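As you go down the protein sequences, you meet chains A and B in turn.
Residue 139 in my numbering sits at position 139 of the first sequence, with consecutive numbering throughout.
Residue 81 in my numbering sits at position 81 of the second sequence, with consecutive numbering throughout.
Simulated from the structure, these hints should not be mistaken for laboratory data.
Accuracy of the hints is not assured; some may be wrong.
Simulated coverage check for chain A against chain B, where a stretch passes if three residues somewhere in it have a Cβ under 8 Å from a Cβ of chain B [claimed, not checked]:
no. : region
1   : 149 to 155
2   : 219 to 232
3   : 256 to 266
4   : 269 to 276
Rough simulated footprint, nothing fancy, chain B against chain A, three-plus residues with beta-carbon under 8 Å [claimed, not checked]:
no. : region
5   : 26 to 32
6   : 164 to 174
The model shown is predicted, which means the values in this text are computed figures rather than measured ones.
Where is the CB? At the ideal position from N, CA and C, for every residue including glycine.
Chain by chain, the residues run as shown.
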Amino acid sequence: MFSYIVRRVLYVIPILFGVTLITFVLFNLVGGNPVYQRLGKHGSEAEVKILSHELGLDLPLHQQYVFYLKQCLTFNFGRSWSTNQRIFEMLQNGIGASLSLAIPGFAAGIILSILISLALSFFRNTFVDRAMVVFCLAGISISMLVYIICFQYFLSYKLGIFPISGYETSIDGRWQYLILPMIIWVIVSLGSDVLLYRTIVLDEVFQDYVRTARAKGLTEKVVLLKHVLKNAMIPIITNIALEIPFLYTGSLLLEAFFGIPGLGGMTVQALNNSDFPVIKAMTYIGSIVYVFSNLISDIAYAVVDPRIKLE
Amino acid sequence: MISRSNIFIALAVWVTLLQGCTRKDDPQFANYINEPVKSQVRGLDPTISASDLYTGLVMGQIYEGLMQYAYLERPVKVEPLLSDGMPEISKGNLVYKFKIRKGIFFHDDPSFKATNGKGRELEAADFIYSWKRLADPAYHSDGFWIFDGKVKGITKWREDAIKIGKADYSKPIEGLSAPDKYTLVITLAKPFPQLLYVLTMTGAWALPHEAIENYGGEFQNHPVGTGPYKFRSWVRNSKIILDRNPNYHDDHYPTKGEPEDMNRGLLTDAGKKLPLNDGVIFWELVEDQPRWLNFRKGETDWVEIPKDSFDSAVKKDELIDEIKKQGVELQKWTEPDLTFDALNMEDPILGKNKYLRQAMMMARDSAAVIQKFYNGRAIIAQGPIPPEIAGYNPNFKNPLKVFNLVKAKELLKKAGYPDGKGLPEFVYDTYGGTTSRQLGEFFQHEMAQLGIKIKIHDNTWPEFMDKQKKRKSQMFGMAWSADYPDAENFLQLFYGPNGSPGPNASNYNNPEFNKLYEQTAVMQDGPARNAIYQKMVDIVAEDCPYIFDAHRKTYTLNNGWFKNFKRNLINLGYIKYYRIDQQAKKELKPKL
Chain A
1 MFSYIVRRVL YVIPILFGVT LITFVLFNLV GGNPVYQRLG KHGSEAEVKI LSHELGLDLP
61 LHQQYVFYLK QCLTFNFGRS WSTNQRIFEM LQNGIGASLS LAIPGFAAGI ILSILISLAL
121 SFFRNTFVDR AMVVFCLAGI SISMLVYIIC FQYFLSYKLG IFPISGYETS IDGRWQYLIL
181 PMIIWVIVSL GSDVLLYRTI VLDEVFQDYV RTARAKGLTE KVVLLKHVLK NAMIPIITNI
241 ALEIPFLYTG SLLLEAFFGI PGLGGMTVQA LNNSDFPVIK AMTYIGSIVY VFSNLISDIA
301 YAVVDPRIKL E
Chain B
1 MISRSNIFIA LAVWVTLLQG CTRKDDPQFA NYINEPVKSQ VRGLDPTISA SDLYTGLVMG
61 QIYEGLMQYA YLERPVKVEP LLSDGMPEIS KGNLVYKFKI RKGIFFHDDP SFKATNGKGR
121 ELEAADFIYS WKRLADPAYH SDGFWIFDGK VKGITKWRED AIKIGKADYS KPIEGLSAPD
181 KYTLVITLAK PFPQLLYVLT MTGAWALPHE AIENYGGEFQ NHPVGTGPYK FRSWVRNSKI
241 ILDRNPNYHD DHYPTKGEPE DMNRGLLTDA GKKLPLNDGV IFWELVEDQP RWLNFRKGET
301 DWVEIPKDSF DSAVKKDELI DEIKKQGVEL QKWTEPDLTF DALNMEDPIL GKNKYLRQAM
361 MMARDSAAVI QKFYNGRAII AQGPIPPEIA GYNPNFKNPL KVFNLVKAKE LLKKAGYPDG
421 KGLPEFVYDT YGGTTSRQLG EFFQHEMAQL GIKIKIHDNT WPEFMDKQKK RKSQMFGMAW
481 SADYPDAENF LQLFYGPNGS PGPNASNYNN PEFNKLYEQT AVMQDGPARN AIYQKMVDIV
541 AEDCPYIFDA HRKTYTLNNG WFKNFKRNLI NLGYIKYYRI DQQAKKELKP KL
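Turn these sequences into a full structure, and let the hints steer you where they fit.
Rendered as structure tokens:
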């Protein structure tokens, strides 16, 4: 397994190289000129030249790219061109907010989806199963924006159950603001996850080993939780691993509407402001998270299913 | 099995927990103003964020300049703030001598090591230092234009700094001197009638060199000024808390205002020492719905009514009874701004054919635009100068600013393109966001009635800026808000040398207009200057480099407990005047 992990880590290098290249090319094609953003409405030609020089935007493209690679290697992306904050600090401040929303929402979503899927396999082809499938399809079809607007209006404004928006840096002050966005996160993720996991579980419940387990006289609870769930875990882990990297950027809509100062909103602001250092940092670190979460999922396969050998 | 009683207990616990989720009023903030901000706030460094309006609204409570706008008087006028009285102005209007008020102190901060963290007294030299910093090329300030070419020697000082690669703060600027601790002399390169206006602006505020040296690049997170509020904390993209400055200098609520101010209760606090509250919390609420709902719940003290909530709050131009009963007040403000569609005068077809541009102007139904996009909250712009700005002529009627398709078609025929035949398809650039695109589509629809084909190109904001600044865009919609209350601020949009990347977005260049602009640039406010301003307006109205649309109005709602609210977007230091009526808040907030 060790040599497998080393090999996979080495594969990361060309992937990251590709990501940096694509980001760089895209920014230079459609990213606009950050100098105009910075100088505002009264910027002159001379000032445009000076600032372009200072930001290194007048250098040949290959030199700009080499500079970018150096930043990637040292993880030093400097300061934001838009807010002048240190990018390391921006990430440090934003990641806490994004993860405080994303991790509980994501974890609750997974647990609930799996439990509902197992329950639906128990009630398969009954009214409960069909009603839930319809409910999930409806859930997928409705945009997250609709949930946000409706829940914020009715639950926060009309009923006053939750605060409308806000955020505190202290952990104990923060939770009150995160519950409603977390509920929305869970509801939005439930639809697609339940449908997928239900199919995966149903594929398993008709297998011979399940029939054998039932023939041994095991209860349905033991059959589902001990046997079916374990065998259904590989595709479930794959799905979870694919979703993990997106936790890092949080949810732009939830963050914007609930005033959560996370990385999602920060990235969109960076795109709107042609703030290339922030865009570079976010894409580079995002791709690292993506690649490593894939690696972790591969390792998790071997742990969950002893038949899989990582070579 | 789970029993029914267990389910009931679980539900009860859940509901109790949820009740704990609602935001409780923190008594320490009872007398704080809750101010909504509808955009991201950038760094709180006046040199770097000089042109950012929303950042300026926050910084305006921490920092101060020599002058400020009188809070209640209209048309707006400047009055001294850190200056001890109005300046002494030389004959020829070239030398301005300011006496700095004695006993003004910067906020206490660890940067003041010599005084063990006690704020140091403000000196005339602080202004010279702050303005050198504004001119220092290392900061790339977007606010340097206020002194560029106007204060004698400042442009040269900056150019020298560029040449040697570093600004030398010990090197004097010819036009700035401090003969003693409390005297500041500004010598101008040429008369600059707007000087007192620009001295109210962000870039002209006094900054302490100790804090800048101490915090370096982090000064933006540790602002230190002389203003009525001290910085406490900032959760980026969420909220900023400022506390009352206990050492704030002698500053009082105005005793003069407009005639109706007395009836509106705006003079109740006349003569009282400022600030009238204990602090301010700026809530960064970028999305319309949370900003609106937070106001309706009483979490913020006032709000601009968002477009989508307008019909639920205002009917027949009046606040609906249900909201009125909650003590909420509706106020209407004309903004010193202009919305327009710019036509690139460097375009070989648009730029060379006046009749074509005039036809487009007459085919533009600005009344419909105002109804559709601003809920009727705007007036049609006859020219570039908005109301309440020195030089505005309320009697001016632009002969082309009349929606008339028949005449527009005649003009198009005169232009050589009857029914649009022979014209290529033009590209109208919009920038991300539904409203910008819808405005573009409406323009497209109007021009189609003339036979002019328009293609909409939706850009991201950076792409849009890039095209416009590089003069690549054929036509696009934009808005301009006043930096100061003088028509010059709007007429500069047509001055040839200000072409892109400067503020002249249509790259209009008319020698006759340029000559008049240069002539008025050194003239003081008065009938003679206004007469020339009118000539300039006539020229651009005839030439149509812009299709003028509207001067917008803002409808605001404020809670009944929120007192002394009088909007003026160019007056940045306004929160010190606000007062919370605690008794009214106790009675009214539960009704929301």
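Quick check: do three or more residues in the region 256 to 266 of chain A have a beta carbon closer than 8 Å to a beta carbon of chain B?
holds (count 8)
Per-stretch coverage check for the region 269 to 276 of chain A, three Cβ contacts closer than 8 Å to chain B:
holds (count 5)
Is the listed coverage of the region 149 to 155 of chain A by chain B valid when you require three or more residues with a beta carbon under 8 Å from a beta carbon of that chain?
holds (count 3)
Count the residues of the region 219 to 232 of chain A whose Cβ falls closer than 8 Å to any Cβ of chain B, and tell me whether that reaches three.
Per the Cβ count (0), the hint is violated.
Proximity test - 8 Å, beta-carbon atoms, the region 164 to 174 of chain A to chain B, at least three hits:
holds (count 6)
Closer than 8 Å, Cβ to Cβ, for at least three residues: run that test on the region 26 to 32 of chain A against chain B and report holds or violated.
Coverage by chain B holds here, the residue count being 3 at a Cβ distance below 8 Å.
The structure shown violates just one earlier hint, number 2.
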